[in-house]
Amino acid sequence: MEFSINEEQQAFMKSVFNFSKNEIYPLMEEFEKKGEFCWEAWKKMGEFGMMALPFPEEYGGANAGVLTTCLGMEALTRGGASGGLTLSWGAHTILCGVPIWLIGNEEQKKKYLPGIASGEKLGGFGLTEPNAGSDAASVQTTAVKKGDKYILNGTKMFITNGPIASQFVVIAVTDKKAGHFGISAFIVDADAPGFSIGKELDKMGNRTSTTSELIFEDCEVPAANLLGPEGMGFVVVGKTILEYERSCLLAAGLGGMENTLDESIKYAKERVQFNRPIAQFQAIQEKIANMKIAVEGARMALYRVAWMKDNNIPAMLEACLAKLFMSEVGLKVADDGVQIHGGYGYMREYPVERNYRDVKLGTIGAGTSEVQRQVIGKMLLKTKKKGAK
Amino acid sequence: MDFKLTAEQEKLRKSLSEFCAAEIGPRAAEVDEKAEFPAENWKKLAEQGVMALTVPEQYGGAGKDLATALTAISVIAEHCASTAEAVATSMLCAGKAIEIYGSEQLKGRILPKLAKGCEIGALAVSEPGAGSDVSAIKTTAEKCGEDYILTGEKAYVTNATVADGIVTLTKTGDSFTVFAAPKFAAGICVGAPARTLGMRGAVAANISFNDVNLGDNNILGGYGNGLAVIADIFDYVRLNVCAVANGIAVAAYNVAKSHAETRESFGKPLAAHQIVAFRVTDMYVDADVSRMLMYNAAWKKQNGEKCAPFVALAKVSASDTAIKNSDRCMKVLASAGLSADSPAQRIYRDARLMEIAGGTNDILRQIIARDQLEL
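Residue numbers (the working numbering), protein chains in the order written: chain E, 1 to 389; chain R, 1 to 375.
Think of the hints as simulated: they come from the structure by calculation, not from any bench.
It cannot be assumed that every hint is accurate.
Unchecked claim - Derived lysine to aspartate or glutamate pairs resembling EDC-like cross-links, with alpha carbons at most 16 Å apart:
id	chain 1	residue 1	chain 2	residue 2
1	R	4	E	310
2	E	203	E	213
3	E	384	R	36
Being a predicted model, the structure only gives us computed values, none of them experimental.
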């Protein structure tokens, strides 16, 4: 075993952290309050190369590998980028970009990846529907082939970047009778005929990302935009992005926890009550210690998935485990952070207040904690009756 | 970055697992019942080369790294936590102190015997009036000509009843000094075995030093350097607790899993009931994360990095998980877990020591917090 981050990676993290602290964080409060996507921060991130991280160089990417991508996103959030901004990064880079990169044909990759890697063509991902959340395979949106087009009908729900994205990877049923193997993936351009955006959704946290419904009414998608073989969309896309989203997307969660810890340490040292900094009280120290234990455990869980992916080791169990563990301890870390700040932690101008609201999505998005336990439990436990086949 | 054991470590883990499942596990209940040092287990593990793992090759050891030793201890603890604690105390607490801080003569005399397992080591720091507050100890070593006279009483010393040598911390005027004392030295008196809730085979007892005469050669790490020496050794002590605790956490998971898969209720195995399945899943998750934290801390220690806070947090995580998992295991087994014949109740009792040994988790959280807050 070997747990070091090499010098190049350390330098990269430091530069991302400083970039985030100096260029991104100062923009966040205003947009958080407005609940709006911050294009200025997005453009800066694009210029800095954050959206290029995982992709091959020939498509404008940085070929950074999964671990380095994770380290970058961790540093970005630790530096003060809001959960909303990093969520938009995830929907764009990981949920839209990665399946096009790993499943798409050469033409699709050439057409879409450079714009995704630069950040100029914002992306999104449409799987969840009003009636299909954890039970993802129960999607009802249909795609019927007609000549050289597919005609899509249905509604997608809670779609990050919905109102502002240029293209989406969308999951729809092409053969209802075939179950899991009758679901396909498409790249849908936002200007496709019959495509429209539903109402923008008002969220508890991650407010600097925009979220909406996507509405497909006889929406025409060129057959060339079918992503992967017909009928394999759910299986292939799911498998491809799942481990990525449960590593690269989680990295921002680790950075968020570290941000809360950093802010809490700073506050505990400055805040004087009963004639001494509250850092000197054992009850505050205990919270700081518990936060640090959670952060380091989360770091292990996350880095292991990243390391496994970089080494082509299947990481389904480890990815679900990381997602479950990190999001659950994240709640406690965020809570301790607000508690240490007392009344100030309840005020919008303090980052811990925002972190507290942002972190809740962790146990819900990309598969609830209950779904993670279900998946892990199925891998660990025999649930068949004795003698049953 | 590399999260896997080496091929050699993996091989050891596998063969030792098989060995312990056949030879150690079946006797765990008896070890607990008798509340005696598990001499037979000790002998068998010594024959397997376990005691030699960390001892340098020039002293008859295998010269393996910490990760290898911790892997072995975890595996033993999965099958019998008491045995693992006794082994680790000798190998990683007393053994490391002598290896790192002993004179060449002392090392040449003691390490080969520890490696063979024909001698047993103990570490005596706590006293009736000083536990977490180490610098409050009252045992003294007074210089008398060329020699030192030790006086005082040490408490809760694991392996005390069987140890051949005792590493102990004393007060020497305003400073502290660590000594390695042979058990046969005149004036050393071992008290009655403590009757404990759990870990009954890792027998602890008090040791009193009544004008025990030791020479310069018995000093570890130089006169007056006791606190620094013991701080370093505490990292090994805590890593050993990590390994035992992780073993207990896994044992609890294994017992719960097996029960959930075989016991049926409402026409299906318990494991097919969501609440039970999720509980067992959480046991796996917490044990897995704690294990990574242990290896991470051990890696830092092995490489001479600043590691006290990382060792502390790994120990807190592992011991909290051992206790939590032993509790979850009892819930999964329900009435069956209460039976004296069930490993669940033994695991439940054994787990408790983990948050106390090597510094209580309260104290370790302070170490972590003070590092974070730069206090």
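Structure-based check of each hint:
1. R:4 - E:310: Roughly 14 Å separates the two Cα atoms, so the pair holds.
2. E:203 - E:213: 13 Å, holds
3. E:384 - R:36: Distance ~42 Å between residue 384 (chain E) and residue 36 (chain R) Cα, so the pair is violated.
Taken one by one, the earlier hints fail for this structure only at number 3.
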